[in-house]
Amino acid sequence: MISATLLGQSVLSGFFAGCLYALLGLGLTLTWRYLKVINLAHFAFVLIAAYLTFQLVGKNGLNPLLVAVILIPVFFLAGVAQQALIEHYKVNEFASIILTFGFAMIAEAGLQWIWSADYQKLEAHYMRGSLQVAGLFLPISDIVMSLVAISLCVMVWAAMRYTWLGKALRASLDNPGIAAAFGVPNRKLSYLVAGASGASTAIGGIFVALLSTLAPSQIFSWLGVVFAAALLGGLGSPIGILAAGILLGVSEHVTMAITAPSWAPVVPFTLLMVILLLWPERI
Amino acid sequence: MLKIENLHVGYGDATALSDVSLHLDKGELACMIGPNGAGKTTLVNAIARLLPIRSGSIAIEGRDVSRLTPQELCDYGVAIIPEGRRLFTSMTVEENLEIGCYRPAARGLKQQSLARIYEMFPVLGERRWQLAGTLSGGQQQMVAIGRALMAQPKLLLIDEPSLGLAPVIIKQVFETISAIHASGVSILLIEQNASKALAVAQRAYVLDCGSIIAQGTPQELRQRSEIDAAYFGAGN
Amino acid sequence: MGAQTARLRRDWSPYAIAIAFIGFALLPAFKPPAFVESFLYLLFFWIALATSWAIFSGFTGYVSFGHGAFYGAGVYTLANVASHYSFWWGLIAAGLVSATLGVAIAAIVFRTRLRGELFALLTLALAIVLATIILNTPVDGGPGLYLIGVSLPNFYGSPASTLYLLIMCVGMMSLATAWFVQQSKLGRGLFAISDDEDVAEILGVPTYAYKLIACGISSALAGIAGGIHAVFVNYVTVSGTFNLEVPLFVLLMSVLGGARSWIGPAIGAVFITLLNNLFVSGDYALLIRIGIGLTLVLTTLYMPEGIVGLFHTSWRRKALPLTGSQTPSGHADAPLAASIAPARQYQPTGETLVRLEDISLAFKGVRALDGVNMEVRKGEILGLVGPNGSGKSTLINVMSGFYKPDGGRIFLSGENITALSGHLVARNGIARTFQIPRPFGRMSVLDNVIVAAMFGSEQLPERAARERAMHYLGFVGLDTRAHALPSDLNLHQRKFLELARALASGAKLVMLDEVLAGLTPSEITSAIAMVRRIHSADTTIVFVEHNMRAVMELTHRLVVINQGKVIAEGDPRKVMQDAAVVAAYLGTSDAED
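Residue numbers (our numbering), protein chains in the order written: chain D, 1 to 283; chain W, 284 to 519; chain R, 520 to 1112.
It should be emphasised that the hints constitute simulated quantities derived from the structure, not laboratory data. Values in this document were obtained by computation on a predicted structure and should not be read as measured data. A hint or two may mislead.
Claimed, not checked - Here are the simulated lysine-lysine pairs, DSSO-like style, with alpha carbons at most 30 Å apart: (1) R/Lys1093 - R/Lys897; (2) D/Lys188 - W/Lys393; (3) D/Lys59 - D/Lys121; (4) W/Lys437 - D/Lys188; (5) W/Lys309 - W/Lys393; (6) D/Lys59 - D/Lys188; (7) R/Lys704 - R/Lys550; (8) W/Lys437 - W/Lys454; (9) W/Lys454 - R/Lys1084; (10) W/Lys454 - R/Lys704.
Unchecked claim - Sample of chain R residues facing chain W (criterion: CB under 7 Å; computed from the structure): (11) Asn907; (12) Gly908; (13) Pro1040; (14) His1065.
Quick reminder that beta carbons are idealized off the backbone N, C-alpha and C, glycines included.
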């Protein structure tokens, strides 16, 4: 039997991992639902942002906040540009997987070219140290990341529910023609979503750089679990992906603590399969 | 208010409307009747700019709108109550109404408009937080009417409002249409239910196989045999 | 043009496969340099995997990321079995285990109607779970397995040549299987599933069984390839076996080459394997990956049908110049001339063909059908009319097995067919057309009709089906467009294609769902004449229509539906005088007036 402390610590680290999944998956779930684009390049964007942070903060000594101010608009535009390409060539939902996988491969090779395939870690003095509460360690960097992830998810949820833009977006998903007849600018909204998704990868990338070691191959290592979170939470639901991300993260880390780290993937993916088979219409 | 000249519309290779001309005076209620498949809904969608047209012109208050996007047309004060309601089913009743006043000119009047709709249809006020997709057919039709009124329209396009509704609800819907008309809105009413439509309209057109085959006042049209022919086939 | 040219062109593909096989089998005798042999090994390894993937995913359109799992199951089965028994037993077991896994998964997954992209994700999850289980059980044990003590058969005196020869056989076997499947009835069914699964089922394709069979063949071949590769690498690990390389590369190769063709994935495999192995040093390897990424991007944007698709379209353009001068009404006139004899029209006997008892069906609480009782009599033309949204199309959907009713029973010639799935209803002789034509978009007009003839009530073999199809294409005036794609037809012609499909199935009961909607008055006249010609003692027709002129001219009896209920039934003229019917249509004499 494992100790209560170990269990508590693994629930906690699962929670933090889940928040990171939500942060990385928020844009993915929105573009999938609202733009019908299954964007594998999303993770490439995240990693490019992470390496840029690694370079600018680690090597050039810039403040991460300043880096955020630079990267967010740049990645917003990158998201818009990709969406413009997809709309211009009328790429369908399935072909979008292949197209964006192509982008991801190019990005991976490019990253490897510039920064090598080795694991690298950003050495900087931001968000070091950790709090200790009731015998549990809470790294400050994880706390900050989780707060950002949670507040982003909640903000997006609120925006979808309470703002004109959010309502217009939902209306245009339900019935684009009629929405347009009442003045909803469908196309502009789709660029806005793509851009916001791009901007979220910049935020995700900065945290990935600050929290973990980097390797170009990580582009594909998040894919499975973040997709699972997006589907479990219900496509397009910001609160859903937060809850599902945390559920997956906690179940992974608790499985690791109880059995062995190598068993970790079983729980989330079995969960995903069961949900797909039992309630396919829910997704 | 609305003037259509020599309008041609087609889907792919098929011609849906050929050489349709009609006009609607300010404050008038005109109806367009005809059998299923005659092209009535195509006409509404073409006017609302949801379908591209092949040739001809559509003018609203003298300005040509036939090449505008639906969004641009919206600023001319045109609102639509589409066939089959076509609500935003995963949104609440109130959100549906709010989208109705999305265009900036109508947005400022949101609170008054909402109050007016809820007064007109108290049941919508009671169910304002309910998802529109879970309402009954009659209530959905009320939301569709309310959504269009939220846009503060000068011209209202109403497509088959009686479709799939029980007779008592249909009666209520037509009373509402008369009331909207009385408040000064110009209306083009598309309807399969000829007698109901003729009872409220001031001018009527009959559409069959994509062309207008008869027009005049309701009294004139009631006497003519083309309507019977269009519905029941010649020789009946 | 016509029936003569529609006969099969001679297909040299099996001979080409046989000659290539012999050539590649003799190759080691000429002692090629080692790098050639190892390159060819990899080439055939990827040809085997990509081609086997396409037999299921390419042909049906259900993209699977689970191919890595089937391949990996083969790798680990051989690694475990061969050390205890022999290489050959290991290889057989690898094929069997993978096939069983493939069929079992397909059997579970396709119980639910999963959308394509969700199926892809499910298979991805499956591969990850399988890998985790293998990693943590004695199948792998954690550090991986060495294949020592596995004795290979000996060809050409060298293990390298032997392995090359083995994988070459699997590659060629995959190609031959893919070719065979593509030509066979199975292949036609799979392509139909890929274009429109619902319509395939309604035309008689046993979609569930076919998906299982294709998945079984596909995974068996992957498992055998995996088994040989286990010996090739000699040391198998979970991370080396179950990574994303296999599922992504087979997808990439198939998309690049053309996943709907038996040879396409192999072309893609040659292309990618060449690119991957031309340069091996570090910097070039990166360039190659960028090149592959770019290839994917450009393929998606500019040639969605792959390399084979390019050839295909140019062949189609050359072989079949579009005859622009033919007008649709010109076709429709031909059958009209032969049909000016309404007096010959068959008079029904009154015997019951189909009986509906208390059929009801609700969608999300809305009652679309509310206790419908009616019968269709043998040899009659029954008109089914009612206002928009009254439930006519829903009724057609229930009778063709497309929807299952919530309550009530359907009898065909006295047999209860309520619970039969769509393809069995079709085999029992009920066919339908769709209001908005739903042709198989990537099949020629002729192939569309052949599917109906092969899977319909008579289950015709290929040659007879082809003749039957040409006959009915001639009947509806589409024989000159037999090799066109449905997208080249206009609406009128697509409606007649629907009709040809329904007729070619050899159905006893043909249900026509608004065939006249959207047609011009002259087209309507010719269509009415055609319905009259279809009708005979053996072909009963249910005619759903809004055009009352056509209904009055054609039908023996009329059933009027409103709000999901039958409100009148009987002689057309009498029914149309009925007050309730007039009310439903014109709205006069409503109760409250």
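Tested hints:
| no. | hint | result |
| --- | --- | --- |
| 1 | R/Lys1093 - R/Lys897 | holds (21 Å) |
| 2 | D/Lys188 - W/Lys393 | holds (23 Å) |
| 3 | D/Lys59 - D/Lys121 | holds (11 Å) |
| 4 | W/Lys437 - D/Lys188 | holds (27 Å) |
| 5 | W/Lys309 - W/Lys393 | holds (25 Å) |
| 6 | D/Lys59 - D/Lys188 | violated (38 Å) |
| 7 | R/Lys704 - R/Lys550 | violated (42 Å) |
| 8 | W/Lys437 - W/Lys454 | holds (24 Å) |
| 9 | W/Lys454 - R/Lys1084 | holds (21 Å) |
| 10 | W/Lys454 - R/Lys704 | violated (57 Å) |
| 11 | Asn907 | holds (6 Å) |
| 12 | Gly908 | holds (4 Å) |
| 13 | Pro1040 | holds (6 Å) |
| 14 | His1065 | holds (4 Å) |
The earlier numbered hints that this structure contradicts are 6, 7 and 10.
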